[in-house]
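Please take these sequences and the hints and turn them into a complete structure.
Protein chains: 2
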Amino acid sequence: KEVAKLLEMKVQLGGDEGKHKFVLKTPKGTRDYSPKQMAIRERVFNAIITCFKRHGAEVIDTPVFELKETLTGKYGEDSKLIYDLKDQGGELLSLRYDLTVPFARYLAMNKITNIKRYHIAKVYRRDNPAMTRGRYREFYQCDFDIAGHFDPMIPDAECLKIVHEILSDLQLGDFLIKVNDRCILDGMFAVCGVPDSKFRTICSSVDKLDKMPWEEVRSEMVGEKGLSPEAADHIGEYVQLHGEHRGVEPLALFFQARQGGPAMERHKAAYTTGQAHRCGCCCTGRPEAWLVSTGGLDLIERLLQDPKLSQNKLAKEGLGDMKLLFEYLTLFGITGKISFDLSLARGLDYYTGVIFEAVLLQQENDHVEEPVSVGSVAGGGRYDGLVGMFDPKGRKVPCVGVSIGIERIFSILEQRVEASEEKIRTTETQVLVASAQKKLLEERLKLITELWDAGIKAEVLYKKNPKLLNQLQYCEDTGIPLVAIVGEQELKDGVVKLRVVATREEVRPVVAWCEGDWLLDSSSQLRPA
Amino acid sequence: KEVAKLLEMKVQLGGDEGKHKFVLKTPKGTRDYSPKQMAIRERVFNAIITCFKRHGAEVIDTPVFELKETLTGKYGEDSKLIYDLKDQGGELLSLRYDLTVPFARYLAMNKITNIKRYHIAKVYRRDNPAMTRGRYREFYQCDFDIAGHFDPMIPDAECLKIVHEILSDLQLGDFLIKVNDRCILDGMFAVCGVPDSKFRTICSSVDKLDKMPWEEVRSEMVGEKGLSPEAADHIGEYVQLHGEHRGVEPLALFFQARQGGPAMERHKAAYTTGQAHRCGCCCTGRPEAWLVSTGGLDLIERLLQDPKLSQNKLAKEGLGDMKLLFEYLTLFGITGKISFDLSLARGLDYYTGVIFEAVLLQQENDHVEEPVSVGSVAGGGRYDGLVGMFDPKGRKVPCVGVSIGIERIFSILEQRVEASEEKIRTTETQVLVASAQKKLLEERLKLITELWDAGIKAEVLYKKNPKLLNQLQYCEDTGIPLVAIVGEQELKDGVVKLRVVATREEVRPVVAWCEGDWLLDSSSQLRPA
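These protein sequences, in sequence, are chains A and B. If you want my numbering, it's the 1-based position in the first sequence plus 768. If you want my numbering, it's the 1-based position in the second sequence plus 768.
Which copy is meant is left open, because identical chains are indistinguishable; a pair holds if it fits in one copy or across any two.
With a straight-line Cα cutoff of 16 Å, these simulated EDC-like cross-link-like pairs (lysine to aspartate or glutamate) come out:
#1 LYS836 <-> ASP852
#2 LYS804 <-> GLU1186
#3 LYS966 <-> ASP954
#4 LYS1231 <-> ASP919
Since the hints were made in silico from the structure, they are not lab data.
Take a look at the structure:
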């Protein structure tokens, strides 16, 4: 009873003291990044930026919000997901929904007709997020785009090469890049008897095929969208076609496409039997890139023979582009992970040509009990009309680009780190400046000044008289490899020795005490390069 | 007349064609960053991040918006500058105003009582921006904070050391870091006869002293804020006091503080006469750091003797802290750029102890006609109560931190680059894969695949048959140092040579054509480390 009474008094007092009732959280669909998560995030960013720079990209940045009208009419059905800012007087603003529309606005505003750039930044969508699957309302996009009038399909192929490089480098396990072309889709819709006015909405239905079975998509087309059952069935036949992306048969075509000389012939047996193979002369050190098919060249050829499709101008042009694209992809050696897939549609309105989407096929580490279902990790395509929508005279700047969906990749890597024993360092500190006796703060501060001024990453505990054990424990906890222990003896001898924390092993002395000041050995290995 | 008529028709047609009337711009107070600006920005970020990591900081990130109530009651008069999001159903949100409040929310939410972290991100203020002076509504802050219960003034001193290191590294010209303490200010207000309830508002007036003369500040205090003229005059006497930060006299004190041994004595003459001096044994290679004063130790001693101030508990404690701080700053060797300044007040409500602000004293490059007036480039202080405002039980986590105002630094560096002849590269491409004859696209694409897969940064023009002159011009324009020219002869010889673009000089062959495939010399110097 007494306890209950006291607790009640405490609650009342709490109220009187004006304690805080508000919810302590981040907004729905958002999250903080802890130092550990940031360490993983920076690894991923580094891999991606390195790839973008390897391909000669510049970098730009744009504001997190745009004039509301800049975003209007660009996203079709998804426009309802845009975050608006409150009207506080002045301009009406919205948070950016992707990096593509701000890029197009930037090009038109600055009259740029030729650029290859990347942009890594957060975008905002008022979606219903599935955060466990790596889906958020605030999330990063990593975009690479090529703008300019060029010969067909060369920039498009480079975008696919970039996706292939990044997903390979990150070692996320097996993946597949589905490819299609809006022209082929539109041509297909035409020959199936879809009225022009329904192209975009039927396209949206097709886009759902990766989440819904065909029967449901069909009933949406016929029921909700008023398409004739015949047209829907006709579409159904086409969208179930996609290129083989595994198998021995296509290897022959592949060798043919590479115009295989004697070296090819010599190693063909090894490839077709699936034997491990790294010859160094013809393979690039990535054997998996050789267990390949043409990714769909055979299907393209088949569709070019299709009596209806081959009569449609748009479809024929699209298939011709697709064939050229696959020639370049073959030269890049990446067709093994590519699949020409007539069911790929992409949600956004602004695509006008090649479209693509990369999906992870499975979790690599099978010991994780519930594998993260990740779905699409990259997507993109050609959008030749978007810049023209911003230009006062409607001048077009053809563009093609790719967006890496980094949050899902984080989720996978985070879970993998959790499951493993790997200890991730969140700082880069090389040396802890410690003391063995009391009253040596002054000496420690002088010594660490010398280290900092020489560019060495060093820390000191913010205590006047820290215990040596606590200092060593700090090194162990944070992974600091070296410790410089200052003591009376060291001051007398005029030399501070560095020790490896893990082994207590002495490394050669690098710091000397010279007439009241510390002196760093100029040949010290600790100096940064 | 005819022309006028035609023009009129054109306008009408323009209207009919549905051309775009909207304004093509970024929102007020914001800007895009071009590749060139990004190159400068990345240099600055690198210098800052390197310093933060040198001091053992971890890194975190938080969402760009917070729950509105998270920001409520933290910024005093400035709250009106917060951007709110539109109520679209769900939570009420605001864009972050700084990185300090989100940091405090992060600590309380995750029950973290001990961390040293940095955070670099954009913040938002609906201010009236002076963009030519590097002031924006969307701008970067680079924050470094130390949270935890530690012995007094050690973390505070490290924050000042960090400001000193960053401003020195960036070579922005001469700078001064003004230091004060909210306790001293409050004590001073008390002894001057300011009523408790007016402390914060009078503090805001004092904060305007860097932009307004004392007479105007005084009339604001007396006229608008109802302070007695006597109290105002009394304040006036104090706030005009600040430590000498130049001069020969204080050098003696400085040497004394460093407990100068014989080495000191030997070099003292050189310092006091201002002769260039880099002995390597006692100076750290930064002679300017030695032409120093104590930055205000003398003033602190004088105020500790002040009959009124020394009787005030708060002021006495603050002065004691300040004295300890200066002892540590002397050990760090940075008092030469520090000035204890009683007129420094800082605008934000949440500071509770040491406060500081760094200002650039002049433009370094005098040949710029209109020097950018930059004012404050860094600021910070101690805020021991902020985390407790978020904790349900009001548990306090003492914090001290610094924020680098990067936009003004950009402005200076941008203007300096404009004025100089320096050509800034916006890509890192090492090699352009070019061809001298037509119909070699296939060979170029094979060769660049080999380079990319080996980690070499390479580009190719997206043309089937580009002219050699255009390819070389592209190298010159973008600063690509090397070109690999594929021609019939090279294919016949089986070797592609690399040439230095600037000199046409041949470097040793690194790529060979082997049975239909390119082969990179494995010892190539182009390979990344």
